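Peer 1: The listed protein sequences derive, respectively, from chains Y and E.
Under the numbering used here, think of the first position of the first sequence as 1, with each following residue one higher.
Under the numbering used here, think of the first position of the second sequence as 506, with each following residue one higher.
Rather than coming from a laboratory, the hints here were simulated on the basis of the structure.
Hints may contain errors.
EDC-like, lysine to aspartate or glutamate: derived pairs with alpha carbons at most 20 Å apart [unchecked claim]: (1) Y/279 with Y/362; (2) E/665 with E/749; (3) E/802 with Y/264; (4) Y/279 with Y/239; (5) E/705 with E/719; (6) Y/218 with E/698; (7) Y/257 with E/698; (8) E/804 with Y/264; (9) E/596 with E/571; (10) E/737 with E/749; (11) E/596 with E/578; (12) Y/270 with E/805; (13) E/705 with Y/222; (14) Y/238 with Y/254; (15) Y/9 with Y/170; (16) Y/279 with Y/245; (17) Y/118 with Y/291; (18) Y/364 with Y/302; (19) Y/257 with E/791; (20) Y/270 with Y/235; (21) E/705 with E/726.
Coverage of chain Y stretches by chain E, computed from C-beta distances (three or more under 8 Å per stretch; other residues unrestricted) [claimed, not checked]: (22) 225–234; (23) 270–278.
All values derive from a computational prediction rather than experimental measurement.
Each residue gets a CB set at the ideal place from its N, CA and C atoms; glycine is no exception.
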Amino acid sequence: MAKIGRIFKKINQLKPSGFWPGFLVGLVYFSYIFWWFWSVHHLAASGIESGFLAFLIILLPFIITVTGVSLFWGGFSYIAVKFSRRLNVAPLSIFIAGTFVLLEYARAWFFGILWFGKGSLLGPHWTLGNLAYLFTSISPIRESSAWWGIYGIDFLVLLFSTALFLLIRDRRRKHIKSLTLVLFFVIAIFIAVNLAPQRVFERNETTVSVIQTKKFLKTFYEPDELLDDFGKKIELLKEAAKNSEIIVFPENADFSKTLSGFLDNSSVQKFFNNLSDNKVLIIDGNRVTDEKGIKSKTLLIDSKRGVADFYDKKLLTPGGESLPYIAALPLLAFEKITGNNFVSSGTNYTGGTENNILYHNDLKVGLAVCSDIISPDLIRNNAPELLINTNNLAVFNGNPLIAGQLLSIARFRAAENGKYLIISSNFGFSHIIDPLGNIVKSADSTGYQILTGNVVLNQTRTWYNKLGDWPILLLSLVIFGFGLIKLRNTRLYNSPDADQNKNFY
Amino acid sequence: MPIKIKIFISFLGLVAVSLAYLGLKNLKIDSNIKPNQANINAPLERDADWDNDGLTNREESYWNTDPNNPDTDGDGYLDGEEVASGHDPLKPGPDDKLPAPEDLNITDKVSALMAAGYYAGDLSTDTEPEVYNKALADISTEMILDGIQTLTPNDIDVAKIIFSSDSKSAQETYLNVVGTIIQVDLWGQLVNEPRVAGIKFSEFFTENSQRVSDGERYFTDNTNHYQQVLDKLNSTPVPPSWLDIHKQILSNVQTLIINHKALSQTNEDPLKSVLAMSNLISVYQDIQPTLINLTRKIKENNLNPPNGQLWSLVNSLTSGF
Numbered sequence: 001m002a003k004i005g006r007i008f009k010k011i012n013q014l015k016p017s018g019f020w021p022g023f024l025v026g027l028v029y030f031s032y033i034f035w036w037f038w039s040v041h042h043l044a045a046s047g048i049e050s051g052f053l054a055f056l057i058i059l060l061p062f063i064i065t066v067t068g069v070s071l072f073w074g075g076f077s078y079i080a081v082k083f084s085r086r087l088n089v090a091p092l093s094i095f096i097a098g099t100f101v102l103l104e105y106a107r108a109w110f111f112g113i114l115w116f117g118k119g120s121l122l123g124p125h126w127t128l129g130n131l132a133y134l135f136t137s138i139s140p141i142r143e144s145s146a147w148w149g150i151y152g153i154d155f156l157v158l159l160f161s162t163a164l165f166l167l168i169r170d171r172r173r174k175h176i177k178s179l180t181l182v183l184f185f186v187i188a189i190f191i192a193v194n195l196a197p198q199r200v201f202e203r204n205e206t207t208v209s210v211i212q213t214k215k216f217l218k219t220f221y222e223p224d225e226l227l228d229d230f231g232k233k234i235e236l237l238k239e240a241a242k243n244s245e246i247i248v249f250p251e252n253a254d255f256s257k258t259l260s261g262f263l264d265n266s267s268v269q270k271f272f273n274n275l276s277d278n279k280v281l282i283i284d285g286n287r288v289t290d291e292k293g294i295k296s297k298t299l300l301i302d303s304k305r306g307v308a309d310f311y312d313k314k315l316l317t318p319g320g321e322s323l324p325y326i327a328a329l330p331l332l333a334f335e336k337i338t339g340n341n342f343v344s345s346g347t348n349y350t351g352g353t354e355n356n357i358l359y360h361n362d363l364k365v366g367l368a369v370c371s372d373i374i375s376p377d378l379i380r381n382n383a384p385e386l387l388i389n390t391n392n393l394a395v396f397n398g399n400p401l402i403a404g405q406l407l408s409i410a411r412f413r414a415a416e417n418g419k420y421l422i423i424s425s426n427f428g429f430s431h432i433i434d435p436l437g438n439i440v441k442s443a444d445s446t447g448y449q450i451l452t453g454n455v456v457l458n459q460t461r462t463w464y465n466k467l468g469d470w471p472i473l474l475l476s477l478v479i480f481g482f483g484l485i486k487l488r489n490t491r492l493y494n495s496p497d498a499d500q501n502k503n504f505y
Numbered sequence: 506m507p508i509k510i511k512i513f514i515s516f517l518g519l520v521a522v523s524l525a526y527l528g529l530k531n532l533k534i535d536s537n538i539k540p541n542q543a544n545i546n547a548p549l550e551r552d553a554d555w556d557n558d559g560l561t562n563r564e565e566s567y568w569n570t571d572p573n574n575p576d577t578d579g580d581g582y583l584d585g586e587e588v589a590s591g592h593d594p595l596k597p598g599p600d601d602k603l604p605a606p607e608d609l610n611i612t613d614k615v616s617a618l619m620a621a622g623y624y625a626g627d628l629s630t631d632t633e634p635e636v637y638n639k640a641l642a643d644i645s646t647e648m649i650l651d652g653i654q655t656l657t658p659n660d661i662d663v664a665k666i667i668f669s670s671d672s673k674s675a676q677e678t679y680l681n682v683v684g685t686i687i688q689v690d691l692w693g694q695l696v697n698e699p700r701v702a703g704i705k706f707s708e709f710f711t712e713n714s715q716r717v718s719d720g721e722r723y724f725t726d727n728t729n730h731y732q733q734v735l736d737k738l739n740s741t742p743v744p745p746s747w748l749d750i751h752k753q754i755l756s757n758v759q760t761l762i763i764n765h766k767a768l769s770q771t772n773e774d775p776l777k778s779v780l781a782m783s784n785l786i787s788v789y790q791d792i793q794p795t796l797i798n799l800t801r802k803i804k805e806n807n808l809n810p811p812n813g814q815l816w817s818l819v820n821s822l823t824s825g826f
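With the hints as constraints, model all of the structure from the sequences given.
Peer 2: Here it is in structure tokens:
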């Protein structure tokens, strides 16, 4: 323990003072968060058969990403250390919480800017690694996101942990009252929001079936593989249509597209019409190519009337669906050296421009295709009644680390918006999540199967759904502003000796 | 008369004399020029047929025949008759057969037409835009028509088809043979064909000779594969009531052969191969109605579907239709 303390002290003494502890913790934490980069195994399909080359191609973005996002934590610890010598303990804990929120919000922007490419969508979308997601299994914390989202949770968690830390370090018991008050305040606020009654505008119960698949990612499929996959999908669809009103295929299931290779338009219509005597809504993800490039297009098909609506995926995954500008030049140079053309021969995805709500009569389904779910901002829009997340984890070979992160994120999206959320997965587990973020039902394995459950459509709008992140960001900004003013005043009026008295590090 | 008016009148006179001289000079040249040189530049004359041999003056330019001589090679047949019947109008018979339509080199022909258009003045830089554009449009149309003619199979010769009977067992025997061919040799091949063919086609336009020969080999192998499929189909006895569907399948296979062959010869005729490439992509869609028609007929005739996953899948898709 003493050894660790000595190492920490040495790190803390490195210049710029206070930066390195946060940065190093960030490096460890984000290395774990982004470790799934290594599960991206489709490089052989892209023409890279050498394991060493594939290692290099993954290593560079991994290092850039982890280092880049860790800078924000380094910056946070730098500011925290700097202000710890200028502020009283209670304001300090509030200031630290506000600063962390602002830097986490900036980090969500930064990931998109760092990996910006053709078709990318800029915004505070990339919340991967946000501390709030670590508390998914603690219901009171997760459910409170309906009030203030993940940044509100970040604020309260940082406020609590800073106050606790300062209380432990406060050996002279000078600030015991104020710090205890802060701790009680945080606990009380979590209890209060969980006890607060919410008005629920429930509409009706609907039976939803997920058609979970397990189709490998390959450049070229053997005919038997395609027939096998499509045959299973047909049988599962027919089975699910017997007692479901909504059926959800995973991302890139390509059901409609494959179907149109076998049947002409009128036969396709007959096929859907014959699925059930009742109307069934089918949500089907297709990869389609038009004059602008490839689109991940999700169709909402009314079995009796044809295509009712569609959504083109907006938040393209850097590297997988859009080529980041930062990576394009080195990769093209690499191509020149190796004589490989896996970059320039790749076709680009194009992001959609329409909103992610699928409308049908009076139904409003909020759709998140794979990485769309990471963005609280995208999911919150247009007050959906039910949320659906389709994903395809084949590219990650079903890696449990990314699957686990995406599930935590999805549970938060359900809780933030107070809506049922359905996850339909290729190569992963499918789930049905209730409006509090609890997992109601899950597939028992990752193979081909149907997951059926009842969901309640509701028009309730949580405070977070109405207001988004702005209240907590504004509060954090005001706190940060006050902190800066205080810092300025302390510099002007305080004696140099005052620093020594208030040094808690 | 004031001196100023005298100068003005003298100047007018000079201009008038100059204009008269230039007019007479042009008139003189026009009257001396040879008809085929003079009139080939005139838009109205390009489509005329001075020697009434069935070829327009522009076509005479392409075939290099004499627009004032109806039988350029002097073999007793009109130039137009020879071209229409597939004979060379510049070569006296009997060995004057032109290459078969599928062997027509579209790139060479378009190049010749472009050169003819240039020498005729239609495609020279100082030509009227309307004339220039029309000449280009004519050449493009010619290229597309040639593409259709050379890359579309001829009508199926029914006389070459071996017929069986319409008994249930004969129909099911036929279905099993054809069903396997469609599942393995056509559908199975065409699953990845459009994408692989696109990649292989692009290799012709690299500077790497190894990749070019890989492309050639790929399309040649496929041509041979589809030729074998065609041979297998031709040797299969067909129940008379399945003739229409059989013709549809034969036509699909012949289209694949012709277009793959054209693609294997990309280096010799790149324009034809571009047309073949776009044809090839549409063949995948052409298989779809065959699957539906075949399944529909199986149900109408109350037959057992062919063995294989493809057929049980199509059967499952169309159940209840």
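Peer 1: Does each hint hold? Answer for all of them.
Peer 2: Here's how the hints hold up against the structure:
no.	hint	in the structure
1	Y/279 with Y/362	holds, 14 Å
2	E/665 with E/749	holds, 14 Å
3	E/802 with Y/264	holds, 16 Å
4	Y/279 with Y/239	holds, 15 Å
5	E/705 with E/719	holds, 8 Å
6	Y/218 with E/698	holds, 15 Å
7	Y/257 with E/698	holds, 17 Å
8	E/804 with Y/264	holds, 17 Å
9	E/596 with E/571	holds, 13 Å
10	E/737 with E/749	holds, 18 Å
11	E/596 with E/578	holds, 6 Å
12	Y/270 with E/805	holds, 18 Å
13	E/705 with Y/222	holds, 18 Å
14	Y/238 with Y/254	holds, 16 Å
15	Y/9 with Y/170	holds, 19 Å
16	Y/279 with Y/245	holds, 7 Å
17	Y/118 with Y/291	holds, 15 Å
18	Y/364 with Y/302	holds, 14 Å
19	Y/257 with E/791	holds, 16 Å
20	Y/270 with Y/235	holds, 16 Å
21	E/705 with E/726	holds, 12 Å
22	225–234	holds (count 6)
23	270–278	holds (count 3)
Consistency with the previously given hints is maintained throughout, with no hint failing.
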